Amino acid sequence: MKVAITPGFSELFIVVNPTGKITREGLLTINMPWLYAPWPDARETGVIETEVEGDTPRALLGALAQAYKHAGVDFEPINPRTNDMDEDYDVWINDKNYVAIPDGINTRLKDGDRVKVKILWRWDG
Amino acid sequence: MLDKDELVRYNRQLRIPNFGETAQEKLKAARVVIAGVGGLGCASATYLTAAGVGHIAIVDFDVVELSNLNRQVLYWEEDIGEEKVLVARKKLSKLNPTVEIMPVRAEIREENASSIISGADVVVDGLDKLEARLALNRACVEQKIPYVYGGVSRLRGMVTTIIPGVTPCLACFNPEGPRGLGVLGVTPALIANLQALETIKLITGQKPSLAGKLLLFNGDDLKFRIYDIGKNEGCQVCS
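Respectively, the protein sequence lines represent chains P and U.
Read left to right, the first sequence gives residues -5 to 119 (our numbering).
Read left to right, the second sequence gives residues 22 to 260 (our numbering).
Same shape as in the complex, but just chain P:
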């Protein structure tokens, strides 16, 4: 599937098989420049356009982790030890948290679906 990825403040906004042009409108700046590491040319437009195999968030996140790994960035939303979402990240599919969706990260994505991957901050002390 084709995906358009827009890095936000501590998250990636992803549109699956977008029908229209994806822009950074409303997202003026980027706090984590390393999010572009596998696709340095995308810095100019601010939107990463790439293709991944599979049609689930799990496949998408796995492909992204591989792309980051090749660029020397340790970004693994799916923990290889547990084969489940890592505690440092969370995922929303069309604004619904993946835990509230029957198939979770194994949900089959449709054209135009929106996936958000967010790095979670820690608040306990």
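It is worth saying that the hints were derived from the structure and are not from the lab.
Computed from a predicted structure; not experimentally measured.
Worth double-checking, as some hints may not be accurate.
[Said to hold, decoys possible] Derived BS3-like pairs: lysine-lysine, alpha-carbon spacing no greater than 25 Å straight-line: (1) U/K49 / U/K228; (2) U/K165 / U/K49; (3) U/K115 / U/K47; (4) U/K234 / P/K63; (5) P/K110 / U/K252; (6) P/K63 / U/K244; (7) U/K244 / P/K110; (8) P/K63 / P/K(-4); (9) U/K234 / P/K110.
[Claimed, not checked] Calculated Cβ distances over 10 Å to all of chain U for the following chain P residues: (10) D49; (11) A61; (12) I95.
We treat Cβ as the ideally placed atom computed from N, Cα and C, and that holds for glycine.
Here the structure of chain P is known, so what remains is to put chain U in place on it, guided by the hints.
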């Protein structure tokens, strides 16, 4: 000028190249605020006191409970029911009587954060709520005081050193994350000691290692990740 006892007390750190008496004197003159004396604050306060930071304000509104004792190592069973800041002052003063420990019984909020941190050289985060951290962050940005953020849950933790005007602040990230997930005592101890190290570097004039960087610690897999972070030019607090 360090006296004879201080030369002995700090002997092991005075031997470190590029540290020496000059750095120790900077520590002695420094004023640090530790916001929250829980799992993070107990550890950072202990090591900053031991290192000889001259003036430490410890801020907390809570009393010691049994459920604190797995990670808040300044408190023992005999302290249950006592005010944390008073117990912490007593223990820290016994560890290093040359350090001035100032207990402040307060809950950090928007309305009091500025006055609590006034005059500090560095503010060390030991809080457990996002709202209080954002209040502290704003006050630090306004007063241009470095703020060393630390946060934990379970076996995970994060640290970044915020230098107003130079690095992104906490509000730059529109941060989100869970609370109340539980925590293993070693996690805040580890994160707090990284915060203490950053604090010592800031005070002694060394470049802090986590300014403009976000460290993520994963104790499940024993991984440390460090990511570069930049300012949000639209941040309502620091831009």
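*Please name the hints from earlier in the document that this structure breaks, with their numbers sorted from lowest to highest.*
Result: no hint breaks.
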